[in-house]
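Listed below are the residues making up each chain.
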Amino acid sequence: EAQVTQNPRYLITVTGKKLTVTCSQNMNHEYMSWYRQDPGLGLRQIYYSMNVEVTDKGDVPEGYKVSRKEKRNFPLILESPSPNQTSLYFCASGFRTSGTYEQYFGPGTRLTVT
Amino acid sequence: GDSVTQMEGPVTLSEEAFLTINCTYTATGYPSLFWYVQYPGEGLQLLLKATKADDKGSNKGFEATYRKETTSFHLEKGSVQVSDSAVYFCALSDQTGNQFYFGTGTSLTVIP
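Protein chains in written order, with this note's numbering: chain A, 1 to 114; chain B, 1001 to 1112.
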């Protein structure tokens, strides 16, 4: 089954404790991206990657890191999480068509930072 | 910078009513436009898209037309069903096609 998987699905952590949220896709998509969803703000793009070893900042990259060492994986790293990073996070992968990407989203990771 | 504005919700409709969710955008150049749908507890799914002016995207009875003159991409459906209850997001990709901007989402509830 074609899918984007994220782990963990739920995470409660404390301020300053480094964490990684994993994202993996089995559709051989070149494009992958991370978003955060907050009430009243919709989805905001954190980072995206157009291919292995190619990443770029989205609209809200501060406090986050990513890496793309393999095509199928795109982990999101929070080196020193803070309470304002409490949010619902979505990973997506996509294929290029008509000058843009059609994206497939994972099920989401709910992160709480206390 | 680029941005998307969509009508605030929540929207509550009776089954078989006509649906319109307004979406306008600000962008440099020629963005592509999208509607995504999010069912409770799930990730977003692409509903439809349009990549150039005057294109009409359509899927599952939903339609939206890319209007460059009014910078709009309003979502419409002639007859909604209870199963259409979800949150709908308007989005654009910038002129490179690589960076995406989403609206705040509109919650739709359809009652029998």
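Because the hints were derived from the structure by calculation, they are not lab data.
By construction, the Cβ of each residue, glycine as well, lies at the ideal position given by its N, Cα and C atoms.
Among the clues, some could well be false.
What the hints assert, rightly or not - Derived, one-sided and incomplete: chain B residues facing chain A with beta-carbon distance under 8 Å:
#: 1; residue: Thr1026
#: 2; residue: Ala1027
#: 3; residue: Thr1028
#: 4; residue: Phe1102
#: 5; residue: Gly1105
Discussion item. The hint names Thr1028/B as touching chain A; please verify it with the least Cβ-Cβ distance against 8 Å.
Written reply: Hint violated; Thr1028/B Cβ to chain A Cβ min 14 Å, cut 8 Å.
Worksheet item: How about Thr1026/B: closest beta carbon in chain A under 8 Å, or not?
Response: Status violated, d = 14 Å.
Fill in: Interface hint outcome for Ala1027/B [beta carbon to chain A under 8 Å]
violated (12 Å)
Fill in: When the least beta-carbon distance from Gly1105/B to chain A is tested against 8 Å, hint result
holds (5 Å)
Discussion item. Hint Phe1102/B vs chain A: min CB-CB distance below 8 Å?
Written reply: Because about 4 Å separates Phe1102/B from the closest Cβ in chain A, which is inside the 8 Å limit, the hint holds.
Violated hints for the displayed structure, listed by number in ascending order: 1, 2, 3.
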